[in-house]
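A.B. asks: Chains as they are written, first to last, in the numbering used here: chain P, 1 to 398; chain G, 399 to 679; chain R, 680 to 835.
It should be emphasised that the hints constitute simulated quantities derived from the structure, not laboratory data.
Keep in mind that this is a model prediction, so the values were computed, not measured.
One or more of the hints may lead you astray.
[Stated by the list, open to error] Here's a subset of chain P near chain G, in silico, CB distances under 10 Å, partners left out:
#	residue
1	HIS77
2	SER81
3	ASN83
4	SER91
5	ILE178
6	PHE179
7	ASP260
8	ASP271
9	MET299
Every residue gets a Cβ at the ideal spot worked out from N, C-alpha and C, and that includes glycine.
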Amino acid sequence: MNEGDGFLFPNDLHILWKLMIVMYPYVTGLVAGAFILASLYHVFHRDELRPIGRLSLVASLGFLLAAPATLQLHLGHPERSFNIMLTPNPSSAMAMFGFIYAAYLALLVFEIWLVHRVDIIMLARRSRGVQRWFYKVLALGVYDVSEEARHVDHGVLVVLAALGIPGAALLHGYVGFIFGAVKANPWWSTPLMPIIFLCSAIVSGIAMVVILYQIGMKCSGRRIDAACMQSLARWLWLFVILSVTLELLEIMTLAYEAADEWLIIGPLLGDQLAFSFIGIQLIFGAMIPIILLGIVVLMSRYLTDQIRNTLCFVASLMLLVQVFAMRWNVVIGGQIFSKSLRGFREAHVPGLFEKEGVALAILIFVFPLVFIALFNRVLPVFEPADTGNTNGAEGQPA
Amino acid sequence: MPTIQANNLPPHGDRETALPVLDRRGFLKHGTRALGASLATLVLCDLAELMEMAEATGLTPEPAASVLAGYDWTKHRYVYLVDVRKCIGCGACVRACAQENNVPRDYFRTWVERYEVSRTGEVSVDSPNGGRDGFAPHVRGHDVTKAFFFPKLCCHCTYTPCVQLCPVGASYRTLDGVVLVDEKRCIGCGYCVQACPYGSRFIHPVTHTASKCTLCYHRLTRGLLPACVQACPVKARMLGDTKKVGDEVAEIIATQTVRILQPELLTEPNCYYIGLSAEAR
Amino acid sequence: MEHAKHIIRAILLLVMAVVVFVLVRHFLYPNSFGLHGHYRFDSVAEYASAAPVHGDKGSCAACHEEQAATLTRGKHGSVSCEVCHAPLSTHVQEEARVAPMLVDRSMQLCATCHQKLVARPNGFPQVVLPDHAVEKGAQITNGVCQECHNAHNPSE
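With these hints in hand, go ahead and build the complete structure from the sequences.
C.D. replies: As C-alpha cells, then:
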C-alpha cells in the first residue's frame, strides 16, 4: 500500500499516463513547431529560410503520421478510438483530437502537394512504368505548369500556410489545454499551459529542422547556408528564452502565492524531479543552449561557418532533450504526487519492451526520420542548389 | 464514350500507359452527380434520425420502462451522507463493495482513511489497503489529540469534471443523479481519472475501462440500499433521496451543519459529511 | 479558373473524403445515444440489470427467524448479517441453498470492529485484544469471544 512516501489516495497508487502520453505532446510539438517555422518562409517571406522551406513541411508531416501511434498504444481500448469521431463530447478538449488532426492532415498534405507540384509533373514526364503512373496520380491528372497556374498555386499556398498557423497552434495548443483545464491537478491547472506547450513546441520544431538540415546537407555533400542557419539560430534563441521564461513564471507565481498546493509542488520540483527539472530542463537544456545560441546570435561576425553550424547543432540536440524533459516533468510530474496533496508515489521508470515502453517510443521517434528520408527519394525535400552540384531535385527517383 | 484529351499530357506517346481517367468534363459531370446523390441520401437519412431523436427526447424524460421495469428514474435524486463521528473504521463497507461489485484488489470504489492529529497540528493519514482489512493499532511519531476515520467514495457531483472531460460520452450522469461509465464505449484514455479531484476513479485492470462507485445502481433500481450503506454496522453511511417527501437524510442536509469536499472547485458533490474536521481533504 | 483545375480536383477529393466519413459515421452511430444526454442510454439499463450479490435486511430472517430475533433484541441489531457472514448470494441463489453459510468464529473478526483504536469514537465498545480475553482467563482459540458473548446479542 505504502509504495510511496506520505499519504496517497488508494487509487492514486497507479500512474496512468506514462511514456506514450509524454511522447504525444512531444511529437505533436514537433509537428506544430516545424510547421510554424515553414510558415515563417511561406507566409512571412523570410527568404533566408528558403533552404528549409520544404524540409520543415515534410518533417511536420512525418511526425504527424507518427502521432496517433502514441495514443493508440496508451488507450485501454484502441479499437474503440474511432468513438472520438463518432460521438465526440462537445465539452471535452480531448474530443477535438479527431477533427483537428484530420483537418490539419488534409491542410498539410495539400500544402506539401502544392509546393511539390511542379516537381511531380516533371517527374511524371521523365519516368517510366509504375513510377510514371504513380506521379500521374499524384498530379491528379493535371499537368499545367504555366505561369498563371503557378501563380494560383502560390496564392492558395499562402492561404493554406496562413490557415495552418492557427491550425498547428490548435493541434498542439489543445494538448496544453487538456492539461491546463484539469482543475483537480494543481501542477497542471494553469491558463499558461497551452502557451508554454506551444512555445516549447516551436523550440523543438526549429531544433529538429536545424538537425535535419545539417545532416541532410552533410549526407548530400552540400554546403549549409549560413544566412539560413543564422536566422534559425535567432528564432530558436528567441523562443527558448520565451519558453523558459513562461515555465519559470508559472513556478515563481506558485511559490510566491504559496497556497496549499505549493506544499507538495515545492518538494516535487526540489526532490522528486530534481534531476529532470533542475538538472535537465533548466540547466543542461536551457541555460547552456541559451549561452551557445547567444554566442551565435550576438557574436555572429566573429564566427566561421563551421563554428556556427556546430554550436547550432549541439544547442539543438540539447534543446530536443530539454523539451522532452519538459513534457516528462509536466505529465509524469503531475501524477507523482497524490491528489491528497500529502504524498508521493514512486518515480516512474518505463520498461523497455512494454506497451508504453522505451523501445516503442524510440521507434515512434525514428519513424518520421525514416519517412523524411524515403520522401526525399520520391520528391526532393531540399531546394535545388543554385550552383547545381547536387544529385537532388532532378535526379531519377529510386 | 469518354476520350483522353490531348492538351497537357506528357509528350511521349504513352496512351497505353495513360491513366484510365475520364476527361475533365466527364469527370466533373459524373462526379458531381454522384456527389449530389450521396449527399442527398445522407441528409435525408440524418434528418429522419434527428426527427426520431427529437420525438424521443422531447421536453420530458422518457418514463421508467426503459431503465428497469417498475423503476422510474425521474422520481429519485440520490444524495449520500457520511457521519464521521460514528465511523469505527471496521472496513465492512469496503469489503461489501468489493464483493458486491467484484472490485479487484488494490483498486477501490470506496475506502476509509484514518486521520491522527497532534496538538500542534501535525497530521498523519493512512489507509492500509483502503481499509479493506480494517485497521490495526499503531504508534505514531507524535502525540495524538484528535483522531477519526474518514470514509470516502465517488461524490456523484452535479457539475462533474469527469463527465465534462470524457471525450466519447462514456461517462455520464443519470436523471436520478448517479454518475456512471458506459463500459462498452469507454476507450480507456484515463482522462476522467485525472479529472476527479477526489481520486474516486481508476482504470480497471481487466476491462481496461474507467471504473468507479455506481451507488450500486443495480440495487437502487430494485429498491435496495447500496452495499456499503447496508453493511455499515453503526449507520455512519446513509443514502438519501431528495425527491422523497420526509426523507431523513435530505432533512439533515437541509437543517444541520454539513460539509462537502473541495467546495472551491464547485463540482457540487452530492456526498455530504457531518462532523468532518478541518484537516480532512 | 482555367488554371485552377488541379485545385478544384484536390478540393473535390477532400469533399469526397468528408462524404465517406459522414456515411461511415451514419452506420456506426450507436442506437440509443443522445436520448437523455450525451451518452448511450442502453448503458443505464445494462447497469440496472446486474444481479445483486448482497440481500437486504429481511433476506436472512426468512429462514433464520430465531437468530434474526436475537439480533434485533441486542446491540448488534444495526449490524447486517452479511457483514459477519458472507453475502447472500454465496449461500442462497434464487431461493435455493447453494452452499453452506460462512461462519467465522475467530477473534480477528470481532477485533475488526472492537479492537481498541485511537481513532474510534470514545463511546464505542472497544477493548485491547487479546489482553481482554487473557484477563478474563480464556484461552486464545477459535471461538474465544463466544465463550462469554453471544455473537448475535453480545450482552446475552
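A.B. asks: Are SER91 (chain P) and chain G close enough, Cβ to Cβ, to be under 10 Å, as the hint says?
C.D. replies: holds (5 Å)
A.B. asks: Holds or violated: the hint that SER81 (chain P) contacts chain G, with Cβ atoms closer than 10 Å.
C.D. replies: This interface hint holds because 6 Å falls under the 10 Å limit.
A.B. asks: Closer than 10 Å between Cβ atoms is the bar; does ASN83 (chain P) clear it against chain G? Give me holds or violated.
C.D. replies: Since chain G brings a Cβ to about 4 Å from ASN83 (chain P), closer than 10 Å, the hint holds.
A.B. asks: Given a cut of 10 Å on the nearest C-beta pair, is the interface hint for ILE178 (chain P) held or broken against chain G?
C.D. replies: holds (7 Å)
A.B. asks: Answer holds if the nearest beta-carbon of chain G is closer than 10 Å to that of HIS77 (chain P); otherwise answer violated.
C.D. replies: OK, holds: HIS77 (chain P) within 10 Å of chain G, min 5 Å.
A.B. asks: Once the shortest beta carbon distance from ASP271 (chain P) to chain G is found, is it less than 10 Å?
C.D. replies: Check failed: Cβ of ASP271 (chain P) comes no nearer than 20 Å to chain G, outside 10 Å.
A.B. asks: Quick check on the hint: PHE179 (chain P) CB to chain G CB, less than 10 Å?
C.D. replies: Because about 9 Å separates PHE179 (chain P) from the closest Cβ in chain G, which is inside the 10 Å limit, the hint holds.
A.B. asks: Per the CB criterion, is ASP260 (chain P) less than 10 Å away from chain G?
C.D. replies: holds (9 Å)
A.B. asks: Classify the hint on MET299 (chain P) as holds or violated, based on whether any CB of chain G lies nearer than 10 Å to its CB.
C.D. replies: Violated, about 46 Å.
This entry does not satisfy hints 8, 9, going by the numbered hints stated previously.
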